[in-house]
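Visitor: Protein sequence lines, in the order shown, are assigned to chains X and C.
Numbered according to the working numbering, the first sequence spans residues 221 to 626.
Numbered according to the working numbering, the second sequence spans residues 221 to 626.
Rather than coming from a laboratory, the hints here were simulated on the basis of the structure.
For glycine and all other residues, C-beta sits at the position ideal for the given N, C-alpha and C.
Hints should not be assumed to be uniformly reliable.
Claimed, not checked - On the chain C side, residues computed to face chain X include the following (Cβ under 7 Å):
1) Ala236
2) Ala243
3) Met260
4) Tyr315
5) Glu345
6) Tyr511
To be verified - Covered stretches of chain C, going by a simulated chain X footprint (3 or more residues, C-beta under 8 Å):
7) 295 to 303
8) 318 to 324
9) 527 to 534
10) 546 to 554
11) 583 to 595
Protein chains: 2
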Amino acid sequence: MKIGLITIGAELLNGARTDTNAAWIGQHVIPSGGSVEWHMTVSDKNEDIINALDKVPKSIEAVLCTGGLGPTHDDITPTVLYEYFGAQPEFDEDYWTLLTERFAARGRTIPDSNRNQAIKPHIGEVIPNPVGSARGLHFTNDHFDCFAMPGVPSEMKAMMLDTILPWIASKSKVKHHITIMRTTGIMESALYEKIDAIIKDYPKVNVAFLPRFTGVDLRISSTDEDAINTWIDLVSPIIKKYHFGGEGVALEDAVGELLINGGKTIATAESCTGGLIGDRFTNVSGSSAYYKGGIVAYRNEVKREILGVKKDTLETYGAVSEETALEMAIGVRKRLSSDIGLSTTGIAGPSGGTVEKPVGLIYVGLSHENGEKVYKFTFTPSRLTNKLMTSQAALNITRLYLLYGS
Amino acid sequence: MKIGLITIGAELLNGARTDTNAAWIGQHVIPSGGSVEWHMTVSDKNEDIINALDKVPKSIEAVLCTGGLGPTHDDITPTVLYEYFGAQPEFDEDYWTLLTERFAARGRTIPDSNRNQAIKPHIGEVIPNPVGSARGLHFTNDHFDCFAMPGVPSEMKAMMLDTILPWIASKSKVKHHITIMRTTGIMESALYEKIDAIIKDYPKVNVAFLPRFTGVDLRISSTDEDAINTWIDLVSPIIKKYHFGGEGVALEDAVGELLINGGKTIATAESCTGGLIGDRFTNVSGSSAYYKGGIVAYRNEVKREILGVKKDTLETYGAVSEETALEMAIGVRKRLSSDIGLSTTGIAGPSGGTVEKPVGLIYVGLSHENGEKVYKFTFTPSRLTNKLMTSQAALNITRLYLLYGS
């Protein structure tokens with residue numbers, strides 16, 4: 221099914237907001253048999269939205285709109301669509317009661333400006349919003365089906381997953397199969413060299429490399445499901461060391477599963493990552509089964525007093541050193557009585573670097589029943605990138621230990 | 221000057237890549253007097269690009285295109301534009317010599333596939349590329365000026381900054397002024413009600429509400445700088461409690477500045493946020509001046525043994541309670557000898573909720589020289605949203621304490 225996209229909002233044109241919805245929608249319609257073939261971004265002005273609807277190419281069967289369903293003066297999408305599709309607004313008392321109750325449950329009075337979210341059209345359908353108050357709209361004319369969703373990504377995604385993707389799947393004949401293989405700990409070019417020959421042997425299987433600072437995702441697509449499966453069977457053993465999961469799997473999910481399977485607990489001692497590894501562990505529901513907690517030892521006094529890093533070590537080798545990373549990992553494992561202790565210390569930057577210890581110099585320490593080890597990295601000049609890459613390296617070190625014992 | 225944007229590439233429509241160029245261009249043309257009023261995303265197919273060029277509205281004076289200037293088979297933008305603007309290709313021997321030398325300087329032989337980058341049109345202009353080999357193009361017809369740039373963000377930005385933005389500035393009469401006011405702790409609808417009247421009184425000042433889970437940004441724009449300043453003077457006192465900074469300022473930046481100005485240090489005791497608040501504090505360069513570190517007390521044993529939360533408190537009231545939040549904040553302040561102790565405990569979800577303690581129930585504790593206080597929230601069913609909203613609420617509680625002493 222050929223799909224058109226109209227993303228609505230002056231903030232998209234003037235760049236106050238990056239349109240991440242378009243890419244999410246573009247990706248997610250494919251497994252349901254959809255394909256975004258046309259995309260306009262328009263301002264939240266009556267004539268611009270109508271103009272876009274008028275310009276939808278003949279070949280497009282469904283138009284997805286995002287944005288402009290909220291309660292403020294620039295949220296005009298429903299008004300425009302009611303007029304365009306000839307719908308009359310009706311006040312939905314039941315929904316207004318529900319909204320009022322929802323606000324009351326959170327100890328708030330619902331503002332009157334939210335009343336427009338309880339309007340529904342006399343034709344077409346409203347689309348439930350599992351995570352917000354603005355409902356979506358579904359209208360049909362003799363050219364296309366039109367779906368309107370909020371611009372808030374979580375609300376848009378919930379409506380797509382619950383209502384619109386199943387609708388697209390029910391109308392589509394050809395299914396495209398897509399598999400994501402997520403890797404970490406290997407650069408794009410090195411990964412490409414490992415599987416280059418297999419890619420060339422299977423022209424029916426389309427392979428895209430999507431590199432990030434934290435690793436490279438492989439996006440494998442084809443209309444031939446068997447070809448994809450054969451391809452994956454061939455590639456999997458070659459990239460096993462780097463391949464930690466499929467679509468939607470974060471490295472912390474994979475590490476969590478290995479910890480549960482191994483019956484192990486872990487604790488973190490974070491300096492340069494400042495809590496990011498703990499944050500990532502606890503992003504996983506059920507992580508309390510293996511993540512005991514941690515010490516964010518940002519100041520040296522915390523490293524000394526709570527983790528038991530020796531004063532001598534800090535003075536002789538410095539806070540950013542193999543020795544300190546080691547004592548932090550050992551210290552947190554002991555202090556929190558966990559099976560594994562994981563530590564980070566480094567120069568996150570952008571300032572604070574020296575010739576001997578440049579910005580981006582990072583140590584990750586691992587302590588466990590069989591011993592301890594420190595890993596050294598030199599990352600980037602960017603503070604946030606260094607924190608992210610360090611957390612990823614630390615999680616991957618834990619993964620490799622749990623898989624291979626070292 | 222009204223500007224149209226055509227972003228070219230199948231990877232943008234199928235979502236393999238998020239279009240970050242559009243937002244960058246949208247933002248950066250404004251100070252030069254430009255305004256993106258129309259934007260189409262099209263596939264790298266001949267007919268789709270021509271169709272977009274044909275559809276450029278009458279009001280648009282300049283069209284900026286990105287993508288499809290590289291050396292591979294799907295880089296067809298120049299071919300299409302030559303045909304559309306009636307230009308003949310000529311081989312640019314000088315540029316080819318330059319490219320050959322550049323490759324040689326890096327110890328490489330230039331591939332023949334790069335020859336198309338030395339083609340130039342017999343009319344129009346080429347745009348220099350300070351950071352890559354593909355040059356841009358500039359054509360004119362009786363409707364608009366058309367600029368083509370590579371899709372690689374660094375190359376696009378270099379061409380914009382060096383050539384295209386100065387051109388836009390030279391053609392524009394009116395300059396647009398923009399200010400961002402970032403708020404937190406108030407919902408979009410409530411914020412709107414507070415300043416609704418002022419918005420209506422100043423039709424020359426354009427106000428957009430940009431809501432996130434963590435707060436609402438106001439984007440105020442006008443061609444009349446005095447009107448913006450008057451507007452801000454009127455609105456500022458009304459939203460002072462919620463307004464924490466301008467463009468690019470995160471709440472942790474604002475809190476960090478208040479801590480530095482007040483000469484105070486802070487430590488965190490995180491349960492449900494798992495390290496996210498520490499992560500946010502340490503995203504700020506120089507945060508070691510005030511952020512001492514923290515305890516991620518995910519398991520109760522860590523709350524007891526390291527933070528000194530009483531066994532009795534945990535058994536009587538539970539880990540998610542006002543009492544536990546209080547003892548955590550007091551405990552971490554004492555343990556890390558900081559001026560302020562900040563704690564979080566809650567049911568992040570999605571599972572683990574009960575009737576008395578539903579998912580989204582969160583307590584934030586604050587302990588300081590004048591006493592301590594616990595704040596209760598009921599957020600959402602989503603784990604990551606709850607963590608994010610809790611971290612934001614905790615930072616905002618700290619901000620309000622530092623500003624108003626309570």
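Visitor: Please go over all the hints and tell whether each is borne out by the structure.
Guide: Here's how the hints hold up against the structure:
Given hint, Ala236/C at the interface with chain X, holds; its Cβ is 6 Å from that chain's nearest Cβ, closer than 7 Å. Restraint check, Ala243/C versus chain X: the minimum CB separation of about 4 Å is within 7 Å; hint holds. Interface restraint check: Met260/C against chain X, minimum CB-CB distance 5 Å, threshold 7 Å, status holds. At a threshold of 7 Å, the smallest CB-CB gap from Tyr315/C to chain X is about 28 Å, leaving the interface hint violated.
Violation of the interface hint for Glu345/C is found here, the shortest Cβ-Cβ separation to chain X being roughly 26 Å, above the 7 Å cut-off. At about 6 Å, the closest approach between the beta carbon of Tyr511/C and any beta carbon in chain X falls short of 7 Å, and the interface hint on this residue holds. Evaluation of the coverage hint for the stretch 295 to 303 of chain C: breached, as 0 residues show C-beta separations to chain X shorter than 8 Å, against a requirement of three. With 0 residues carrying a beta carbon less than 8 Å from a beta carbon of chain X, the stretch 318 to 324 of chain C misses the three-residue requirement, and the given coverage is violated.
Chain X is given as covering the stretch 527 to 534 of chain C, and this is violated because 0 residues of the stretch bring a CB closer than 8 Å to a CB of that chain, at least three being needed. Figure legend: the stretch 546 to 554 of chain C, annotated as covered by chain X; annotation inconsistent (0 residues with Cβ-Cβ distances under 8 Å, at least 3 required). For a cut-off of 8 Å, the count of residues in the stretch 583 to 595 of chain C with a CB near a CB of chain X stands at 0, and the three-residue condition is violated.
Hints 4, 5, 7, 8, 9, 10 and 11 from the earlier list are contradicted by this structure; the remaining hints agree with it.
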